[in-house]
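*Asks:* So the chains spell out like this:
Protein chains: 2
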Amino acid sequence: MKTADLMITGAHLLTMEGKGVGYIPDGAIAITGSTIAAAGPTSEITRHFTAHRTIDGTGKIVMPGFIDAHMHTGLTLIRGVAQDMNDWMQKGIWPFARHLTTEDKKLGSMVNIIEGLQAGTTTFGDYNDHMPTLAENYERIGARAVVTEMVNEMPETIAELEVGDLYPFDTAVGEEKRQRNVELLEKYPFREKGRIVALSGPQGPDMMSLELLKDMQNLAEEHGTKLHMHVAQGDREIGQMEKRYGKRSIPFLEEHGFLNDRLLAVHLTEAKDEETATVAKSGAGLIYCAGSIGIIDGLVPPMLTFLENGGRACLGSDQAPGNNCNQMFNEMKMAALLNKVKRKSPTVFNATLALRSATIEGARVLGLENEIGSLSPGKKADVIVIDGEQPSLFPVLTDPIRNIVPNLVYSARGHEVEMSIIDGTIVMEDRQIQTVDAKEAVQKAQKAADDLSVRAADDLKKADSDILEMVREGML
Amino acid sequence: MKTADLMITGAHLLTMEGKGVGYIPDGAIAITGSTIAAAGPTSEITRHFTAHRTIDGTGKIVMPGFIDAHMHTGLTLIRGVAQDMNDWMQKGIWPFARHLTTEDKKLGSMVNIIEGLQAGTTTFGDYNDHMPTLAENYERIGARAVVTEMVNEMPETIAELEVGDLYPFDTAVGEEKRQRNVELLEKYPFREKGRIVALSGPQGPDMMSLELLKDMQNLAEEHGTKLHMHVAQGDREIGQMEKRYGKRSIPFLEEHGFLNDRLLAVHLTEAKDEETATVAKSGAGLIYCAGSIGIIDGLVPPMLTFLENGGRACLGSDQAPGNNCNQMFNEMKMAALLNKVKRKSPTVFNATLALRSATIEGARVLGLENEIGSLSPGKKADVIVIDGEQPSLFPVLTDPIRNIVPNLVYSARGHEVEMSIIDGTIVMEDRQIQTVDAKEAVQKAQKAADDLSVRAADDLKKADSDILEMVREGML
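Those protein sequence lines, which keep their order, are chains A and B. Positions 0 to 475 (numbering that gives the first Met the number 0) are the ones given, in order, by the first sequence. Positions 0 to 475 (numbering that gives the first Met the number 0) are the ones given, in order, by the second sequence.
Derived from the structure by calculation, the hints contain no laboratory data. Incorrect hints may appear among the rest.
One copy or two, it doesn't matter: identical chains are merged, so the pair holds either way.
What the hints assert, rightly or not - Below, in silico cross-link-like pairs of lysine-lysine (DSSO-like), each with a Cα-Cα straight-line distance of 27 Å or less:
id, residue 1, residue 2
1, K271, K343
2, K271, K341
3, K461, K1
4, K343, K186
5, K443, K341
6, K271, K186
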């Protein structure tokens, strides 16, 4: 008989092992230190384990925590300021973004992390300017994070360009950001697979010189990590690439040796079918941000085409001023629904694919499949407990039809998650985050947001966006 | 100085009056009995009113409760049993539905009502078989309801037909259901505009004889109420109409005088553009069920085309085994996103249209615009209080960009609603429903669902649906 630190018994287990969801009725999990010691039928687990603390999981659903592979939590202070409009980045985001201080980003980021945690996200794929500072939030709150500095060579004056102008590059800007990415890579080595690991982060092929882009790839190779990059994310990017190089993004990246299993390609919104196939076949992973691209562009990126070409894909919630929420229940439902509608078929994207894309496939895309993504002995104990007696999950049926997965994906909203265990530590219990004061975090960040609105007011008026017009007319 | 029963002060008020959302900063509302006595700036309201109870609304968003214009709460016992599959109704729903007792429907319905209430729905447009029994739930829980008996002439053996066979009609079935609709109309007269009112409910033009259809319209006229009917809801319906009458649904209804402002047309999924225009111009209202039709069919019904032709439209959440959730935060986001994607444009369906479609436009479509849908003196006090300090609504900005409405529509999930006032009575406070024991309702209904699964097992195996195959293969 072994003694685990924590055991949950009698639950509906979704291990996410195998091809489906790895359902085990009356299942149990034992956790020792930061690791899953065992997962299986309760009768079997309790034959081999006792525990310092045992939680009765009757009526609960126990599964791996969600992996949100692509977020920009540093933009949370401007959630909801750029919706339902054209020229989202240029007229919506930039007039605010240039006034965001690093401290602003850190305060907003904490609220965003809390939002995700409260809805079952345990791994945050966070991609920001000044990421070493923002990463302190993850150290404090105790969440798993895959952190990337967002590296580009774009000067601050970018907000003053006309839509469509070719971006000027500033090597000093690039060098400073690259240095921060190096700092991250050294502090959170990907090879060590700690609770926080770092990736190399060229923001996009359009946003830096080819020289720096190659250098970022060298950095990734040197540190044995992934290259996390927006690829074909919008017509804006394609326009820049064609103007600068006479090539679309994907042929350009292929020519210069960027398409391989080191690449995490984000979005592919503007990729043609044959370009999508090229990326998929190269071994690169795709991070699909369903809600964000749906709202910002009214488009459905080619995740299904990517999968059909043998690619590996997962989900990300992107940034608050564009999605606008950051939690995986939204992403799963959006991914399934938007693809059903894209192909006019109810069967093309099912709940199982959605749930896998938010768990085990996320782990695989990030290169962390030996650490997270399923309830498998030896993996890190990133586990969530969901209250199956919430009305939105009612009823829980198991035979002959088992409806747990469809109801998690299509009906649950996030508040059903009552406990989050990360790296073996209970970070949320009874829906209360244990490591930070959530209310205080919101209130502190709200003050910063109020100040930001004052500082950005002139630039916002100058940008004269659709949304400002709507406010003026009393429509918002 | 007048004395109100209840006053909420210092809140962000979304009155939903005027063309937009009727935003009032630092706003207050006074409620006397079941009625809104006043709504406006706090300074003005407190000059004229004191109250028996005053709630500090600082940091809260106060708005009219949501109107869910079309639901089938009687099917909640089978939530999640028919997703991601073909022949949804025939192979997914019917094998279960024939075993659902009236008591089953009532137990499931209560859980569904609780789910909606907890997410801010105050008016439930409920459409069921045996509605007089289900309506008792609304009496007990204290919610507003617009109730309709689902009348058809389809025998119980319908589940045994092959997909595509013409339905036989059974006049005895029709007469029994019609009688229940009459009972509803007499018990809850629409003209009296009480907390519960009844509509006339032919289930669809394909599901009964023309004779009964005309009779249902006569009933509606006699009782001064609306005719609530599924129209062009799927290729299944169009196929039946063409086989039986040699006509598609909308030309058939036009020919026989059903297209007018008495009609609440639900779905129009299969309507051609010119048919949609015909219905819109007739004065009939449209209830658009974004999530349900997206999941069941992978389609986006023509709400925008309907509006462009001068029609009036609102939102409904339809049934649990098809959406699968029943709350308006989901419907608002789905309606906006699916239409953006349908038209490949971020601006075609904005957050304001979504919020209006879930409040004031719902009232107009239902013919209750003088009673509900906005915070206007003299209207019924159906009011919700939303916690603006929840991370998902962070930050709340008001100047120069006001982001409350985008964040309600695109980020909020439902749990942000902390208080619900219906007909002047606080039905939910601190997220706890005051009138029924929510946990007990779920547990009682779960037992019934377990029993149902046993009774339906043979029919489910016979139907051999896609979802059963997925369960067998361990995919669910």
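*Asks:* If a hint holds in the structure, say so; if it doesn't, say that too.
*Replies:* Right, here's what the structure says about each hint:
no.: 1; hint: K271 <-> K343; verdict: both (20 Å within a copy, 16 Å between copies)
no.: 2; hint: K271 <-> K341; verdict: both (15 Å within a copy, 19 Å between copies)
no.: 3; hint: K461 <-> K1; verdict: neither (67 Å within a copy, 47 Å between copies)
no.: 4; hint: K343 <-> K186; verdict: neither (47 Å within a copy, 43 Å between copies)
no.: 5; hint: K443 <-> K341; verdict: neither (41 Å within a copy, 40 Å between copies)
no.: 6; hint: K271 <-> K186; verdict: neither (38 Å within a copy, 60 Å between copies)
The structure does not agree with the numbered hints 3, 4, 5 and 6 stated previously, though it agrees with the rest.
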